[in-house]
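Number of protein chains: 2
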Amino acid sequence: MDISGLLTSAGINTGLCLVFFSLYSVLRKQPSNEGVYFGQRLAQLQLKRRGHLSFDRFVPSPSWIVKAWEASEEEILACGGLDALVFLRMVVCSCRIFSIAAIICSFPVLPLNYFGKEMRHRYIASESLDVFTIGNVKEGSKWLWAHCLALYIISCSACVLLYFEYKNITRMRLAHIIGSSLNPSQFTILVRGIPWSPENSYSDSVRKFCTNYYATSYLSHQMVYWSGTVRKIMNDAAKMYEMIKETSTEQNFGSRLIRCGLCGGTTHSVKGLTSEPESVQRQSDITESDLREKECGAALVFFRSRYAALGASQGLQSSNPMLWVTDLAPEPHDVYWKNLSIPYRQLWIRRIATLLASIGLMILFVIPVGFVQSLLHLEEIQKKFPFLRGVLKNKIIVRVVTGYLPSVVLMLFLYAVPSIMMLFSTIEGPISRSGRKKSACFKILYFLIWNVFFVNVLSGTAIERLVVVSSPKDVAAQLATAVPKQATFFMTYVLTSGWASLSSEIMQPYMLLCNFFYKFILRNKDDPCTLSFPYHTEIPRVLLFGFLGFTYSLLAPLILPFLLVYFFLANLVYRNQIINVYVTRYQTGGKYWPAMHNTTIFSLVLTQIIAMGVFGLKKSPVASAFTVPLIICTLLFNEYCRQRFYPIFKDTPAQVLIDLDRNDEQCGRMEEIYKQLQSVYCQFASTSNDVSNIVPLNDCQFASTSNGVCNTVPLNDCDDGDDGSLPRSRISEGNKPTQINVEDSFQVGDRRIELEVDQPHSIETT
Amino acid sequence: MDISGLLTSAGINTGLCLVFFSLYSVLRKQPSNEGVYFGQRLAQLQLKRRGHLSFDRFVPSPSWIVKAWEASEEEILACGGLDALVFLRMVVCSCRIFSIAAIICSFPVLPLNYFGKEMRHRYIASESLDVFTIGNVKEGSKWLWAHCLALYIISCSACVLLYFEYKNITRMRLAHIIGSSLNPSQFTILVRGIPWSPENSYSDSVRKFCTNYYATSYLSHQMVYWSGTVRKIMNDAAKMYEMIKETSTEQNFGSRLIRCGLCGGTTHSVKGLTSEPESVQRQSDITESDLREKECGAALVFFRSRYAALGASQGLQSSNPMLWVTDLAPEPHDVYWKNLSIPYRQLWIRRIATLLASIGLMILFVIPVGFVQSLLHLEEIQKKFPFLRGVLKNKIIVRVVTGYLPSVVLMLFLYAVPSIMMLFSTIEGPISRSGRKKSACFKILYFLIWNVFFVNVLSGTAIERLVVVSSPKDVAAQLATAVPKQATFFMTYVLTSGWASLSSEIMQPYMLLCNFFYKFILRNKDDPCTLSFPYHTEIPRVLLFGFLGFTYSLLAPLILPFLLVYFFLANLVYRNQIINVYVTRYQTGGKYWPAMHNTTIFSLVLTQIIAMGVFGLKKSPVASAFTVPLIICTLLFNEYCRQRFYPIFKDTPAQVLIDLDRNDEQCGRMEEIYKQLQSVYCQFASTSNDVSNIVPLNDCQFASTSNGVCNTVPLNDCDDGDDGSLPRSRISEGNKPTQINVEDSFQVGDRRIELEVDQPHSIETT
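Line by line, the protein sequences are chains A and B.
Mapping the first sequence onto my numbering, position 766 (from 1) lands on 766, and the numbers just tick up by one.
Mapping the second sequence onto my numbering, position 229 (from 1) lands on 995, and the numbers just tick up by one.
What the hints contain is simulated information worked out from the structure, not anything from laboratory work.
There could be a bad hint or two in this list.
[Said to hold, decoys possible] Under the rule of at most 30 angstroms between Cα atoms (straight-line distance), these lysine-lysine pairs were calculated in the DSSO-like manner:
hint, chain 1, residue 1, chain 2, residue 2
1, A, 650, B, 1416
2, B, 933, B, 1357
3, A, 675, A, 208
4, B, 1251, B, 1285
5, A, 138, A, 485
6, A, 650, B, 974
7, A, 138, A, 117
8, B, 974, A, 167
9, A, 29, A, 519
10, A, 208, B, 933
11, A, 208, B, 1416
12, A, 650, B, 1357
13, A, 142, A, 485
14, B, 1104, B, 974
15, B, 1251, B, 908
16, B, 1441, B, 1104
17, B, 1416, A, 591
18, A, 675, A, 294
19, A, 142, A, 117
20, B, 904, B, 933
21, A, 167, A, 591
[To be verified] With the C-beta cut set under 10 angstroms, the calculated list includes, among others, these residues of chain B facing chain A:
hint, residue
22, 943
23, 975
24, 1083
25, 1087
26, 1088
27, 1109
28, 1111
29, 1113
30, 1118
31, 1396
32, 1399
33, 1417
34, 1420
35, 1424
Keep in mind the model is a prediction, meaning the values are calculated, not measured.
Yeah, the Cβ is synthetic: ideal placement off N, Cα and C, and Gly gets one too.
Start from the sequences, fold in the hints, and give me the full structure.
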């Protein structure tokens, strides 16, 4: 490819981007698309609904860009939480690093490459791209020192920026921990592996254990139930309620509201139906014992202080490490209830199985790629499947098969990857939604780096073996031969895949179609669904482009302008999306940053190794040797950061929690928190005011909890593979709990079942 | 080598063993050698000293074998602690596994190998050893199924035995934790990375931190001082004492006893010298401020309960992970004081440096091996160093150079390895002696397996490259080619190195020489020194032989009888040594077992991989494929054990500690324990009744603490690189503390300096 070809490609892609962005600026003004483009604003009721038809609605405008650009860190933090801010800092940090790299590479490196060999240069537009790569520098050239120096400058500036960014984000994470001071998860631990005993129910075991060992700090606990079976129990309860209504209508017992009943502490004594007819008493007994049978060996235990919960969540509890396994509980909306009922002893084998499955998928993904490449060779297909010969004579079909089908097939396979990885992460058994997303994020990151970079580099060159494990000293040389050859491919990859992904991200074509289908075909007036930020697909993508940027910055500096444009646009687009589109349901509290840091260090070290190999191949052994201390320093820097910052992302400092406890005690807020704790974790929620419909929406029910009562918000949650609930009003927002009206609830043994008329979009302003 | 050669070699080695064992049985009866052969008994005063000369003293007798054989588990536990028992269980477990392997291999495998090819067998004595290896089975033979079956049986029985052994040792470890219920280390944490502040001393910082965050559970603390500088302070204190004695002899202040003074809690208020003359007051002020200056950023903090200490030792304390780093403290005699003063922020870099140095040593050890091998080729030496030509014409010198020098040089290099590894482990910065030994043990284990097995196997065959990293599927095949060829070498290795090491172990030639020199040349009547068990050299040796046993059991079953003899003798010898010779100063509480388990699993998997390769080479692909599930099952079994048992060896279960706390509270023992805690950790001890000699023995002073007072036992500790103190009376033995006579001690600020006439071998019976 020559310069003019590259510029043409860049022009086409720029044009497409402009068209899509203009289209977006029009589409976002249409009231019918509010659900697609303003999910976050809708959730916060910050949107002025525009009903009137005006000319203004159909004129493209760059106002969204201005708004996105002007959004402050505080706004981002308020809308998207710390994770969103961390994600944007990834993009900004990449921007900065590659700006420096672009400056360094445009002055000494690029001219040196261009004039590296004595040759007659053609007119610049028809110059081959290879002339601008390091391949054009002649062997043994003294100018390779400039490349070595540039590598040093890029590495050092990247490390310095990373250090300050890590420090900054650690500070923000601590502020986040302190800021979410009324976070119920800080008082709660998840106990798994509760031993089964024939005499006691699980709940009794937990109570016994906690009162025995944590008598002073134990508050109460809440069992986890088998998700599948609870549906049946809920049905039973509903039937029973019907029966009660029939048998004792005069006692004013029937109520329009039945509370979820499976949430709330279980330390209350058994109250309830003593004044009821005997049959009802028997029924309730049955349900009570049924419920006990459906308990699984996991429970949420609430403590009186954060430090007590932290102490109980760390280390080993029992002399059998498979029993009484404790962890700090996730936030209420973050709990992945389905996985809590997985027996703890299964987890290690699930982890191994999903690890193997992910590695298998990574390796076997070569098969669809091979299939796609075979589609490009029609002759072979005709040989293998002679009956197709007739069909393949049609020119249009041939064009479709060779022109579109391969990329469509590949795209379909690639689109399936995040869902498959999410499935693997679900099977793995994380206890929180954010944990599952984080796990999927890592899997997709490894997948992309392997399949986009390594498979392309290794299969595109002479090596052509998939698993190349040769002696270590050859690795650098082999990479040095293979990587520069693919420079043109990755340049166009950034142009097409990178820029296009941003257009697609801002247009949300899938959601737009859904919305259209939902509103104009099904004639439904509600907005179809809300999305949470797909960190598991976007973080790997941004990190992949960073990875490509590092590896090619020195070898083929022409990639840098395109990357810079990508990161700049990404900054704008994701800012806009975070402020307007995505709803934050749960967050990891910035735990994605170490992944960014480690990936960048990996990219840096790989770049240095490749550079070492290239210097070696270009017969500049001194420059090659000079990169070795750089590699060592980079690794040491990484180790230092791991020691200095990483523990904060793994554990919560005891000091901070003790201070928070003390503050709350001094303010007299503790009793209030204890009250809220009893009801804030809600495994099941009813969805309708019709008593016969007390059936959870699906296996992963969701409920939002405000004011101590489980309200149900029937949001059609179409987050990819994600089914969390919407934290419209968090306990941390300091809502005062109102007393539950006991007459509105229904006692089953020591549990209340309570129903409430659900109000679609009963959204509170924050 | 043929059978007769092997039998001759075995005969010679058996004879040598018999001679050494008889010699030992005579030498041990000599009263002058009691210090060498009965260190443990001497320490416990369980030895009847025999002074009379009798004929019986010079007759070899097998009585020691009987005694060693009859020693019960309880005796071993009492003499050598849990670590010794775990070590013996390693030997016994290896015995059992290889007995099963010997039975399996002697019936189907050995005859199949022997009659594997159609050939004319010679007279059995002159038959080559290769006839008995798997190499003699012809390609594609159906009998390879028998080998595959044998592999299954050996693997399964090894796994079953390992499982029950792991379970058993976990139980013993728990019993050990419960049994050492008055262990002061359970109440103590080590705080490192105390931040420096210009206003406060480190001690004040610790007090502030603990009273702020652990007000209810904090008892007191004890600072760690720079070891080098404290010697100076001790001298100053001694001088001051002299001065006091001069100025105020009438006040009865001078005493023969000066307490160590740097130990004991620092929460007492400053008392002391107010009635003294002003000069003394000034002096004491100077010393006090001096002492504060010599504090380093580490302290031992004592808590009121075990659970509080556990809670404070886990997780992250401060929002800066490099500050306020907490760990459970080692036992008093186990503390490696010198390393406590290492700044915490240095540790990670020390760890990396020692890791790299160890790997370097492992790889570079090939150089002395190469040098030794070059000695075998005199012609080349003569070519390189022509001036040696004259010398090398002398036949005797040639014999020495070619015959003895190589093995002597190699032995010297090999002898240096444990010391070097111990040095590396010291530099690494472990806080306990046992931790240091454990770290050295791992290093030596990896060193031996790499340098004895892999380097021999790889350099001895056609591969002849040191770093062989080829594609994974070839590894099995390459090992399968290389390993069987070295069978004869390893058979003789077991015979010579294995059996000889046992003879050397029981004879203790080095100690015997030292003793002789000390008693008959220096005319010193005391016993020279006591030894603690060298786990860091013996465990790797036993595991190496186990490793060889597994890898060759199937390939060359003739190795098994020699190995069985080795393990049987090892059982006897080590039992005898533990009961009689080695003194237990500190222990890890069975933490060596996971190393044994992991090494055995590694050996098993490597055996299976080699077998897979061999089956492949012998063109039995089905048998080869059938070993794959075996490998997977073995790895899964290992992972299960890691989940089920390993956490107990890493952490102490909270449940156990809470129970212990409760017991002690109910018995009213807590106050007593608190009193003992104040004085049980003693960084420095004085060694003489001469006041001017209050100089620590060396940088790593030792002190034994009984009855709450720091007694000094001047044992000449010549444990290899090891300088721990002798736990003659442990706090766990429930000695009642006697009140310290305040008039016998000397106050410096809020610290007492106390001197005591040391009584050589003032050993108390336990």
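Legend entry - Restraint satisfaction for residue 943(B) [CB to CB of chain A, less than 10 angstroms]: holds (9 angstroms)
Legend entry - Distance restraint between residue 167(A) and residue 591(A), which requires alpha-carbon spacing of 30 angstroms or less: holds (13 angstroms)
Inset, instruction - Against chain A, run the beta carbon of residue 1399(B) and see if the smallest gap drops under 10 angstroms. - result: Where the cut-off is 10 angstroms and the nearest Cβ of chain A is about 12 angstroms from residue 1399(B), the hint is violated.
Legend entry - Agreement of residue 29(A) and residue 519(A) with the hint, judged by alpha carbon distance not exceeding 30 angstroms: The hint holds at about 16 angstroms.
Inset, instruction - Answer holds if the nearest beta-carbon of chain A is closer than 10 angstroms to that of residue 1083(B); otherwise answer violated. - result: holds (5 angstroms)
Legend entry - Distance restraint between residue 138(A) and residue 117(A), which requires alpha-carbon spacing of 30 angstroms or less: holds (5 angstroms)
Legend entry - Straight-line alpha-carbon gap residue 974(B) to residue 167(A), limit 30 angstroms: holds (27 angstroms)
Inset, instruction - Would you settle whether the hint for residue 975(B) is holds or violated, based on the nearest Cβ-Cβ distance to chain A being less than 10 angstroms? - result: Holds, about 9 angstroms.
Inset, instruction - Compare the distance between the alpha carbons of residue 1441(B) and residue 1104(B) with 30 angstroms, and conclude whether the hinted pair is satisfied. - result: Judged against 30 angstroms, a Cα distance of about 26 angstroms means the pair holds.
Legend entry - Agreement of residue 904(B) and residue 933(B) with the hint, judged by alpha carbon distance not exceeding 30 angstroms: violated (42 angstroms)
Inset, instruction - Measure nothing beyond the straight line between the CA atoms of residue 142(A) and residue 485(A); if it is 30 angstroms or shorter, mark the hint as holding. - result: holds (23 angstroms)
Legend entry - Hint validity - residue 1113(B) Cβ closer than 10 angstroms to any chain A Cβ: holds (9 angstroms)
Checked against the numbered hints given earlier, the structure breaks hints 4, 20, 27, 31, 32 and satisfies all the rest.
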